[in-house]
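Asker: Residue strings, one per chain:
Number of protein chains: 2
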Amino acid sequence: MNIIKYPKRSEWSIIVERPHLDVSQLNTTVQSVLEKIKNEGDAAVIEFESKFDHVNLQSLAVSKEEMDEAERLISDKLHHALVLAHHNIAKFHESQKFDGSKIETQPGVTCWQKSVPIQKVGLYIPGGTAPLFSTVLMLATPAKIAGCDEIVLCTPPNREGKVNPAILVAAKIAGVNKIYKAGGVQAIGAMAYGTESVPKVYKIFGPGNQYVMAAKQQVSLHDVAIDMPAGPSEVCVIADETSNPVFVAADLLSQAEHGTDSQVILITTSEDFLYKVNDEVKVQLEQLPRKEIASKALDNSKFVLVKDKEEAMELSNTYAPEHLILSTNDYDELSEKVINAGSVFLGQYACESAGDYASGTNHTLPTHGYALAYNGVNLDSYNRKVTFQHLTKEGVKNIGPAVEIMAENEQLIAHKNAMTVRLQALKNKAE
Amino acid sequence: MNIIKYPKRSEWSIIVERPHLDVSQLNTTVQSVLEKIKNEGDAAVIEFESKFDHVNLQSLAVSKEEMDEAERLISDKLHHALVLAHHNIAKFHESQKFDGSKIETQPGVTCWQKSVPIQKVGLYIPGGTAPLFSTVLMLATPAKIAGCDEIVLCTPPNREGKVNPAILVAAKIAGVNKIYKAGGVQAIGAMAYGTESVPKVYKIFGPGNQYVMAAKQQVSLHDVAIDMPAGPSEVCVIADETSNPVFVAADLLSQAEHGTDSQVILITTSEDFLYKVNDEVKVQLEQLPRKEIASKALDNSKFVLVKDKEEAMELSNTYAPEHLILSTNDYDELSEKVINAGSVFLGQYACESAGDYASGTNHTLPTHGYALAYNGVNLDSYNRKVTFQHLTKEGVKNIGPAVEIMAENEQLIAHKNAMTVRLQALKNKAE
Chain A
476 MNIIKYPKRS
486 EWSIIVERPH
496 LDVSQLNTTV
506 QSVLEKIKNE
516 GDAAVIEFES
526 KFDHVNLQSL
536 AVSKEEMDEA
546 ERLISDKLHH
556 ALVLAHHNIA
566 KFHESQKFDG
576 SKIETQPGVT
586 CWQKSVPIQK
596 VGLYIPGGTA
606 PLFSTVLMLA
616 TPAKIAGCDE
626 IVLCTPPNRE
636 GKVNPAILVA
646 AKIAGVNKIY
656 KAGGVQAIGA
666 MAYGTESVPK
676 VYKIFGPGNQ
686 YVMAAKQQVS
696 LHDVAIDMPA
706 GPSEVCVIAD
716 ETSNPVFVAA
726 DLLSQAEHGT
736 DSQVILITTS
746 EDFLYKVNDE
756 VKVQLEQLPR
766 KEIASKALDN
776 SKFVLVKDKE
786 EAMELSNTYA
796 PEHLILSTND
806 YDELSEKVIN
816 AGSVFLGQYA
826 CESAGDYASG
836 TNHTLPTHGY
846 ALAYNGVNLD
856 SYNRKVTFQH
866 LTKEGVKNIG
876 PAVEIMAENE
886 QLIAHKNAMT
896 VRLQALKNKA
906 E
Chain B
476 MNIIKYPKRS
486 EWSIIVERPH
496 LDVSQLNTTV
506 QSVLEKIKNE
516 GDAAVIEFES
526 KFDHVNLQSL
536 AVSKEEMDEA
546 ERLISDKLHH
556 ALVLAHHNIA
566 KFHESQKFDG
576 SKIETQPGVT
586 CWQKSVPIQK
596 VGLYIPGGTA
606 PLFSTVLMLA
616 TPAKIAGCDE
626 IVLCTPPNRE
636 GKVNPAILVA
646 AKIAGVNKIY
656 KAGGVQAIGA
666 MAYGTESVPK
676 VYKIFGPGNQ
686 YVMAAKQQVS
696 LHDVAIDMPA
706 GPSEVCVIAD
716 ETSNPVFVAA
726 DLLSQAEHGT
736 DSQVILITTS
746 EDFLYKVNDE
756 VKVQLEQLPR
766 KEIASKALDN
776 SKFVLVKDKE
786 EAMELSNTYA
796 PEHLILSTND
806 YDELSEKVIN
816 AGSVFLGQYA
826 CESAGDYASG
836 TNHTLPTHGY
846 ALAYNGVNLD
856 SYNRKVTFQH
866 LTKEGVKNIG
876 PAVEIMAENE
886 QLIAHKNAMT
896 VRLQALKNKA
906 E
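Note that the protein sequences, when read in sequence, are chains A and B. Heads up, the first sequence is in the numbering used here, so the first residue is 476 and it goes up one at a time. Heads up, the second sequence is in the numbering used here, so the first residue is 476 and it goes up one at a time.
Don't take each hint at face value.
For chains that are exact copies, the list does not tell them apart, and a pair is met inside one copy or across any two.
[What the hints assert, rightly or not] Derived DSSO-like pairs (lysine-lysine); straight-line CA-CA distance at most 27 Å: (1) LYS812 <-> LYS619; (2) LYS751 <-> LYS675; (3) LYS653 <-> LYS812; (4) LYS647 <-> LYS675; (5) LYS757 <-> LYS902; (6) LYS589 <-> LYS619; (7) LYS777 <-> LYS483.
Simulated from the structure, these hints should not be mistaken for lab results. None of these values were measured; they are calculated from a predicted model.
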């Protein structure tokens, strides 16, 4: 833990610094895998699954039998939890539906936006030790609500060729149509280009390791859209003497256990509170199975003492955290000052885990300072707002001359002419 | 003109094909320019302006005197046109303001989204023969409405070191704070990294040539967000015997004059109409100053005869045009079938020029098939939707157990513990 007391503003740039992430050195490897998937389709996916995931697959699609089996394999308790989480995520994302109203910008000129779902989306769910079934709910639920026709999910199988049953059940609850056994770069390639089994999609969502990130970046240059750039997960907690040190310590640790590169920042106006949290973190850390990971992440974490709340909020806005917990009693006032953050948790009881799993907000959020320019996944992520316009004869008369003069000054005479032929036709009719 | 009658579906992929755009061969040049801007700031920008734009600049910022001079240099007629266009663009984009309502997903669990402007945005306006002042209005007006603090604009000067006056007046009308003389890759680099004069921004908007596109792609991998990927401009017109061949020909030509790589597609159910447009295009083409460019673009254009409107709409949705003109009498019915398009123009009088300049919709739109996954620039492009959540004690009780079981199954025990310490505290209080 690095304890920093009353840093000068000139020192802030060091506090908010992120590890340098450059996946470009992976680009050659990633490119060759993508190229092979593009050219050889399923056969290449199966080959890379054997090489990287040590599994021999006959086919990529998860079968109906495997789906049914998954339902039997998970506990009722977990099933109920998934249904509750799905309900809340669905309720919040449904409330984000957009209905554009028609705007008459001039008499006879009407413009509007209409939300139209992206037809085909691809969701990537990493494998590894912890099966991220919560991410299935987060990515598939809004896709279904948006009305995407085809929701494709790729996730790596284990060495027996099986997908974690909780991932399959979450996919079923959320309404995923098509699930394939493929991980890493080969999964991204399969969804970007399409193979005999895996449909080509128009946008790819989901987390992953550095190879997956590099692959998403590469395919996004030409072939498909992606949800957002990615980096290690992070939390910033703003606390004072009204905050609960046990809760705050637990929140910091929940971030720290993600990975050794996780970012954990506490900003507080109370020195006494800072040391209380510091002690409490040590106590709680001992109980954690992922103690080693968490403690490495904590080595890079920062506990910052600042003079007042104003400064705390400014430092947080400069950092632009993925998760921001305002654990003070005056969270309402502070929340008005949030400029740069992915998701904000207000008060004692809104822990990050609530939003990670079940409150209803999305947990796919901008990390690594990307909150300066990006927001997390929401219903908009699965839609495009297409603009429409209609002009009456009166509309043409009202804006036609302005269009003519502007087009003429941009030396685009055919643009001008498209308006002139209409104005002329109206004039001829009137005569 | 390529006339294609009743193509089979298997031939559609050829009709909707776009020229292969690969800017990666420019990457080495672009990277070295970006690198130099990053390291040397203003001095490098001035050097590249001398090299590429053949101008010797003392300073990059446009002065107050230059702004005042610009006002004197443009005609009253153009000034009025800019004000009218700005009014309509502002009215439409103001109507896109978002006010997120609070949603109680479970008793005691409240979630909402809040729209927060991106603090610093950069707008790039290309130079060249035609000064794109209309793009200044399209990019700066929503930035101002969103409430972005810093709106930076870069545009290349002429050989005398002057910026086109209409660009400066449009910038002033739309509320741009800071205008700099810089073009091409050096402008993108200056806004991505910041120099002594040019502030670093968080998102870059605007069109440009292949070098600008490549530069935007490169900086978007690490440093800033960008509006969207780009390609040549394109229009698809759907017409029948109720359409006006003179109007349709003018619309096709207004697209064709953009560049030799512009894409122009007419889809019609009437063979008679197709030939009428074909004749009319030849007549109108003769009058155009950019006749040579337009006629090269027309060489690659396609006039497609299909059996019915259903098929016309399906072909258009497969093509995913930037601009779609439904010039038939039954445009209302057809508009319901639009899935993939950037901006849609309905009826006889809604020509593309209307939206390019003055109706109020944005003209920065997804080209090159990107309409499958992207929409054009709108107010959302300048905002992030930050999520907020608040939990009461009741809220913790309602979702806490589900969070615990899900976290446990994802083997993230610190995540579970963040909820457990809160549930425990509530239990202790109750006892």
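Asker: Which earlier hints turn out false for this structure, listed by number in ascending order?
Answerer: Of the numbered hints, just 2 does not hold.
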